[in-house]
Structures are given as structure tokens and as C-alpha cells.
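K.L.:
Next come the chains, spelled out residue by residue.
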Amino acid sequence: MAQLIIEYRIDTRQPGYAFQPPTGTVSEALLKAIWRQAMPRGQGWGNPLYQGACALKCFPVSNDTVALSRVSVTDQVDEQGRKGIRRAEIDLIRMHDIVPHIKGLLEQYPESVRVTAHQAFSVGTWTKIIESALPKIGRKQAQIVFAHPYNGSESWQVIEAVVLNLAVAWPMRALPGWGKFFSFTTLALTNEDESRIVALPIEKARQTEGVRIITLSWDIIQ
Amino acid sequence: MGNIIIDALVGLVHGLVSLIPEPVTDGINSVVDFAYVKFLGLPFVVLGYRQTGKTTLLEWLRNNLEPEAEFAPEPTAAGGESVRAFTTQVGREGFRVRPKRDVGGEYSMWETDWVDLLRDAKPRGIVFMIDSNNPVAHKDALNFTLQMIDEEIVAAKNLKVFMLLVNKSDLWINDKSMDDVLEDYRPEMRRLNHQAQKMGYKVFTFTTSLKTGEGVKEAMDRFFNKIRPNRAKAA
Chain G
1 MAQLIIEYRI
11 DTRQPGYAFQ
21 PPTGTVSEAL
31 LKAIWRQAMP
41 RGQGWGNPLY
51 QGACALKCFP
61 VSNDTVALSR
71 VSVTDQVDEQ
81 GRKGIRRAEI
91 DLIRMHDIVP
101 HIKGLLEQYP
111 ESVRVTAHQA
121 FSVGTWTKII
131 ESALPKIGRK
141 QAQIVFAHPY
151 NGSESWQVIE
161 AVVLNLAVAW
171 PMRALPGWGK
181 FFSFTTLALT
191 NEDESRIVAL
201 PIEKARQTEG
211 VRIITLSWDI
221 IQ
Chain W
1001 MGNIIIDALV
1011 GLVHGLVSLI
1021 PEPVTDGINS
1031 VVDFAYVKFL
1041 GLPFVVLGYR
1051 QTGKTTLLEW
1061 LRNNLEPEAE
1071 FAPEPTAAGG
1081 ESVRAFTTQV
1091 GREGFRVRPK
1101 RDVGGEYSMW
1111 ETDWVDLLRD
1121 AKPRGIVFMI
1131 DSNNPVAHKD
1141 ALNFTLQMID
1151 EEIVAAKNLK
1161 VFMLLVNKSD
1171 LWINDKSMDD
1181 VLEDYRPEMR
1191 RLNHQAQKMG
1201 YKVFTFTTSL
1211 KTGEGVKEAM
1221 DRFFNKIRPN
1231 RAKAA
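Those protein sequences? They're chains G and W, same order as listed.
Note that my numbering has the first sequence beginning at 1, numbered continuously upward.
Note that my numbering has the second sequence beginning at 1001, numbered continuously upward.
For reference, chain W alone in the conformation it holds in the complex (with noise of 0.2 Å):
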């Protein structure tokens, strides 16, 4: 409920911005960003089709990046796992997060646990997770969470960056590119691409090993920035 109204109040702020001159705009967008990057927490979501490594993306971030040796997710059951807000230390800066659920990946999932999860978190993000394996049911489900943006106006209107993570890269990075990866899902990119410039979203890909940590790092650096209200500092 007080996450409720402040993001009201952040909302009213950024809305009286637009009249005010810009040397104080900048002030106010520097408060905003303090506010969520500080206390707050960045709201954004992590989604993908089951077994892509989302549980052990969230956990990742909040163990500040480094792996944890005995980490052994179950399969994320109905309903998900609530998720509270944390801080996680990623580059230089410590951001305060708000992933609010932990969701499974599964057909059964779609229409409940993300429809729910994307209209509680109101993202400024959207982590989506593939892998070199089952590209059909990575499509549906790209394709489903491009539908549900289109449906989820209201939910989907603070979106600001939509990552796609083409995750265990340990398994697939000798024998074949991000692109090749990514061929298979040429008319979904462009769905995504298209859909991006009419709603004023970023898209961003990179290539991730949550096994290795590779590219981990930089992903969720220039995630967080680019969601972050004040996107001047990213700079």
C-alpha cells in the first residue's frame, strides 16, 4: 500500500517535471532516481520459459553476482515464490531491486503467475531469459509476454527496457553465436523490435552464462541503469 502511493506521488512528480524549467527538472530527477535506486527498489520482472535459469538469476543478484556453490532450485511451483526488495551490488553502484515474484516458466504459468506478476510489479523491466534448446516453446512464450505488454496497458506502461538473456552460453558458445541462436526467433525479434518503438521501450540481447558468470555482469549493469529514472547517470 505505501509502495502504492509513493509510486502515485513519483508519478504526480514526474508529470509537474514537464513545466518546470529544466536546471530544476534535472534536481527532481535526481531525487526520483535516489528514491528508487536507494529505497524504493527498481520494480522489474524476470520471465522466460521453464528451466532457463530465472530462480538462479534472482538469486545471483542477491548474492551481488557471485555464485552460490550449493544452489539447487526445485522447479518454481504454482503460484511462484514472493520475492521481497533487496539491494544487490552490481558494477560500482548497489541498486535497490523489486522483482516481486519468483515465477515458473511453464505453459500452466502464463496466463496466471505472469499475468499477476506483470500487473502487481508495473515493470520498468523485463528480464527475458531463452536458451539454445526448445526453441518452439521459447517462441510461444516470447510471443506470449509480447501479447500480454500489448494487452497490459496499464501494467506495462512504466516499461522502459526489455532485456533478452540467451542464457547458458557454457553450453552452446563453441558451436554456434548469439545469432545463430537468435535466427530461429527472427519473427519474434521483429514483433519485439517493432513493438519497442511504438510503446518507446529499449531492447537490449546479450549472451549470459549463469553457470560461468559470463556476461552476467554487464547484462544487469546496463539493465538496471537503463531502468533507473535518472538514465543520465547510465552514462
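Bound conformation, chain G alone (with noise of 0.2 Å):
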């Protein structure tokens, strides 16, 4: 499994964002496929509220290789005082390994997170989840978007954890154009560009244009 790093660097002869050396024996083709995708979308990662987020964003880089991108939002300022810089960890994992990798990265949340996010699959939620899967006549690629108030990396753990657990859920494999893996970000500031399941803020989502939104409200997680 390697790793790969993306950062923001203003000590360097050509600064800004680029992949951390060595990117090892990773091909040309991948690392540009990984560099296009890896950081979640958006404006706005500056907002104070992001400091210290967190994303995690799966995706497809070749057919028998998946890309996962742990991504921060660094406390980094550029030369001109720019905030919002972020750092991707990026480890290119198997295909078929991937459905385990994310059950183990469930295991490690907080009990408490755990129980709250499988709370949150009530039969009212999965009836919004198969309404936003199911394909649509001259649209392109269906895609779930999730929302709920940012209030720090911490709480918003379950909200990552509701991705992860409909990420490796056996009903979404069954759902016609799904297939056995499909691309989640698990905080991104719009759907614009973004993977099929995505999770917003939700002021962010409410600038989202003819996509409809699953707000997950904490009295239904609770």
C-alpha cells in the first residue's frame, strides 16, 4: 500500500501545492489521476470554523486501484497571508480490498459515533438515499449529498462515519449504475465535481443548485 503526500510548501524554488518526494514507483498516469481528485471541493476552507477539518475521499484511479485521501485543514498561512491550505495523506489501496480497509477504519471511531451513525439509517433516511441513488433521466451520474451543521471535526465524526457505513452498505452494490465501488468524500464545501456520495455543511449546501440534499438532523441520529 503506498503512500503518497500533497502539500503546501513556501520554502521551496517553486512553492505551492505539489506531491511530498519520493512518489516512489507510482506511475506518471496515477499521480496525475490522483492530483486531479485527491483534494475535497469547494471555497471557503479558510473560515476559521475549518481549521483543523478533516476529509476522507475514496476514488477510482485505475481498474483494479483505489485512491483514499485523508485530508486536513492546515493552520499553514502562504506569503500572502492566505488561509485554508490543506494536506492530503493518500494511500493507494487495492480494489477488492478496499470494502475491509473501510470496515476497519469503522471499528476504530468512538463507540458512541458508531451507534449514533447506524441510528441515522432509519427507514425515512434509506427511502431519501434510494431517491437520490436511483438513476435519472438525462442527468448525469446520480449522487447522495448529505448535510448537517459544522461544528468542528469532532462531532462531525459521525457524519463520517454515515458515509463510511453507506459506503461499504450491501444495498447501495444492488442499486442499478453503483456497482462494487463508488467514490465518497466525507466533508467537501459543494457537490459541484465531487464523489457520488458527498457530506456538506450545511450553509454549503444551501447554495447547491438541482441536487437534492439529505439533511441528517441530529434528532434523527439521536
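In case anyone wonders, no lab produced these hints; they're calculated from the structure.
Heads up, a few of these hints could be off.
[What the hints assert, rightly or not] Chain G residues, not near chain W, derived (Cβ > 12 Å throughout):
id : residue
1  : Asn63
2  : Leu105
3  : Ile202
[Claimed, not checked] If you want a taste of the chain G side facing chain W, the calculated C-beta under 8 Å gives, among others:
id : residue
4  : Ile6
5  : Tyr8
6  : Gln14
7  : Pro15
8  : Lys32
9  : Trp35
10 : Arg36
11 : Gln37
12 : Met39
13 : Gln43
14 : Trp45
15 : Asp78
16 : Lys83
17 : Gly84
18 : Ile85
19 : Glu192
Yeah, the Cβ is synthetic: ideal placement off N, Cα and C, and Gly gets one too.
Join the two chains into one complex using the hints; note that each chain is given alone, in its own frame.
P.N.:
Written out as C-alpha cells, the structure reads:
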């Protein structure tokens, strides 16, 4: 399992975002595919609310390889004082190992988080998920967009666990157009150009257009 | 997908135009122009080295050239950001524009995000931003862009205008002129003008400040009028 890092450096001859060397034996094509997708999308990461925020983003980079990117919003500031700089640590995982890997990640969450996340999957939530997941005529690939107020990385863990649970849930694999693996992002600031399953802070979700938002309220989760 | 088909149809109409008498072609040009400016969006891209104001320019355009006081963008990350087509009020007319993506400007972005963007957008215009700092990096970025245009023949075939914006004039305008800034870019400007002549696109240079708004309206008004299909309207 190779690990790559994309980070922002200002102390080098070519400052800015870059892969941190060495990138080992990973091919140029694979590096480009990772580069394009590793960071969660959206503007506004410089908002102090998101400092220290974490996101997991998982996406296929070839027929048999999946990248799992752990992104964190750092406290770095560039030469112009710009904030919202992110750092991504990317694991490359074989396609058939990804579901056990995600299940392993789920087990690392505190039990209270896991229990709360399980409770989110009420009949009502499943109905909304299936409605969002079914292919729509004339639309791009169906996308499931969750929303919840963002109050820090610790409380967002429940949403992370909801997304991870859904990513390994067998009913998703039975739905038309979803298949054995699909991309997901546990925290982004827009659904545009994002994974098949994505979670957004509610204030960002309100700015989206043409997509149904599944709001996970604490009432449902608790 | 829809845009690709419409673009192909527009291309076909353009091809047929050469066979039709002039009064009719004027009418067809007006229809094509209307389709681009009001519905499809004029495809263009914004490039330039990091910290030159690419994201801010796109935000300005989205806000009809009104600066947004609290806009404080973070450095654009790997992969860039998708930008939907939108209508911007520049001068007297509203233009539907299609910048496709907002891309970062550091070296690592060029081979990936910039090339992808050019291929995806097939732009009618390129806005290339520089400022008075770090000319070596801006020259590298400009040379890369010119090389990319040379190599990406299909992606660059619609190119009508290359506009060089010398931005952040509020920081340097009291000490030097635009010509002083461009003095460092002599070989690149020669290369740009030579390529423009060879490929049939126009080159414009403007001084702007996205902080004070100086020059932005004039530059963008001219740019969009020059990349629209019916350039007679620009007059």
C-alpha cells in the first residue's frame, strides 16, 4: 500500500501545492489521476470554522486501484496571508481490499459515534438515499448529498461514519448504476465535481443547485 | 455532452457560412453570436502563476465586476475547482461565459490542471495574469502556456484572443509603467506575437488592479467583445 502526500510548501524553489517526494514507483498517469481528485472541492476552507477539519476522500484511479485521501485543513498561511491550505495523505489500495479497509476504519471510531451513525439509517433516511441514488433521465450520474451543520471535526465524525457505512452497505451495490465501488467524500464545500456520496456543511449545501440534499439532523441521529 | 453537440453544430454552421452570400452570413453570424453570448457561454480560461488573482478575477466576473469586500480565497488546491457557466454584466451587455475551471498557478498545476482545462474548454480566449513580482516564475508560466498552445492544436484551434493582464497595479503603478514591467518579458512577448500571427489570434495587454478595480472593466469588456463570434458587434 503506497502512500503519497500532497502538501503546500513555501520554502522551496517552486512553492505551492506539490507531491512531496519521493513518489516512489507510482506511475505518472496514476499520479495525475490522484492529483486531479485528492482534494475535496469547494471554496471557503480559510474560514476559521474549518481550521483543523478532516475529510476522507476515496476514488478509483485505475481499474484495480483505489485512492483513499485523508485531507486536513492546516494552520499554514502563504506569503500573502491566505489560509485554508490543505494537506492530503493518500493511500493506494487494491480495489478488492477497499471494503474491508473501510470496515477497519469504521471500527476505529468511538462506539458512541458508530452507534449514532447506525441510528441515522432510519427507514426515512434510506428512502431518501434510494431516491437520490436511482438514475435520473437526462442527468449525470446520481449523487447522494448529505448535509449537517458543521461544528468542528469531532462532531463531524458521526457524518464521516454515516458516509463510510453507506459506502460499504450492500444495498448500494444492488442499485443500478452503482456497482462494486463508488467514490465518496466525508467533507467537501460543494457537491460540484465531487464524489458519488458527499457530505457538506449545511450552509454550503444551501448554495447547491439541482440536487436533492439529505439533511441529517441530530434528531435523526440521536 | 449537450454543449459538445451544440458546439459541433455551431462549427458546422460556421463551415457552411463560407458557401452562402454575405447578407445571409451576417444573419447567421448574429444567430450564432446570440447563442454563445446569451445561452451557451463564451468559452475562455484564466491562467497565470500563483497569487496573480485568477480566483479573484472569476469572482469579480460572477459579481458583475463589483468587488466583494469579504472575498478571501484560499490557494486553489490540486485539481482546481469546477466553475459553472454564468452571466456577467460587463459594460452595457450581459455575457454568458464559460470559464470551466478555476486552476491553481504553481508549477505542479501546469502539466495536469492547465492542460486538462485547455483541452476541456477549447477556449476562444485566454486571460493570462502576471504581476510585477517574481518575473522568472511568470515567464516560466507564460512560456509553458505558449508551448501548450503550440502542442494542443485541437484544443487551441478556436483561440481568438490572448489577453495579458498585468495585475496588482495598485502596488507598482507609482514606481513604474506597464512597459517597464513588460521589459522583463521581451522574448516571451516576441514569442507570443509570433504565435498570434501564425495562429491568427489577437494579443492585448492591459494594466489592472483587482483591488481598486482599475482597468478591469475596460479589459474584460474588450476581451469578451473580441472573443464573441460576431466581432462586428464589438465595434
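K.L.:
Hint by hint, say whether it matches the structure.
P.N.:
Structure-based check of all given hints:
The claim that G/Asn63 lies off the interface holds: its Cβ sits roughly 21 Å from the closest Cβ of chain W, which is beyond the 12 Å cut-off. Annotated as non-interface, G/Leu105 keeps its C-beta farther than 12 Å from every C-beta of chain W; the closest such distance is 23 Å. Under the 12 Å C-beta cut-off, the non-interface status given to G/Ile202 relative to chain W holds; the minimum distance is some 20 Å. The interface hint given for G/Ile6 is met, as the beta carbon of that residue sits about 6 Å from the closest beta carbon of chain W, less than 8 Å.
Checking G/Tyr8 against chain W: minimum C-beta separation of about 7 Å stays under 8 Å; hint holds. A cut of 8 Å between beta carbons decides the hint on G/Gln14: the least distance to chain W is about 4 Å, and the hint holds. For G/Pro15, the shortest C-beta to C-beta distance to chain W is roughly 7 Å, which falls under 8 Å, so the interface hint holds. Interface restraint check: G/Lys32 against chain W, minimum CB-CB distance 5 Å, threshold 8 Å, status holds.
Taking 8 Å as the C-beta contact cut-off toward chain W, the hint placing G/Trp35 at the interface holds, the least distance being around 5 Å. Annotation: interface hint on G/Arg36 holds; nearest CB of chain W at approximately 5 Å, less than 8 Å. For G/Gln37, the shortest C-beta to C-beta distance to chain W is roughly 6 Å, which falls under 8 Å, so the interface hint holds. Annotation: G/Met39 was flagged as interfacial toward chain W, and the flag holds, the nearest CB pair being 4 Å apart, inside 8 Å.
Using the Cβ-Cβ criterion of 8 Å, the hint placing G/Gln43 at the interface with chain W is satisfied: the shortest such distance is roughly 6 Å. The beta carbon of G/Trp45 is positioned within 8 Å of a beta carbon in chain W (closest approach about 5 Å), and the interface hint is therefore held. For the restraint placing G/Asp78 at the interface with chain W, the shortest Cβ-Cβ distance is roughly 6 Å, inside the 8 Å limit, so the hint holds. The interface hint given for G/Lys83 holds, since its Cβ lies 6 Å from the closest Cβ of chain W, which is under the 8 Å cut-off.
Interface hint at G/Gly84: satisfied, since its Cβ lies 3 Å from the closest Cβ of chain W, which is below the 8 Å cut-off. Interface restraint check for G/Ile85: the shortest CB-CB distance to chain W comes to about 6 Å, inside 8 Å, so the restraint holds. For G/Glu192, the shortest C-beta to C-beta distance to chain W is roughly 5 Å, which falls under 8 Å, so the interface hint holds.
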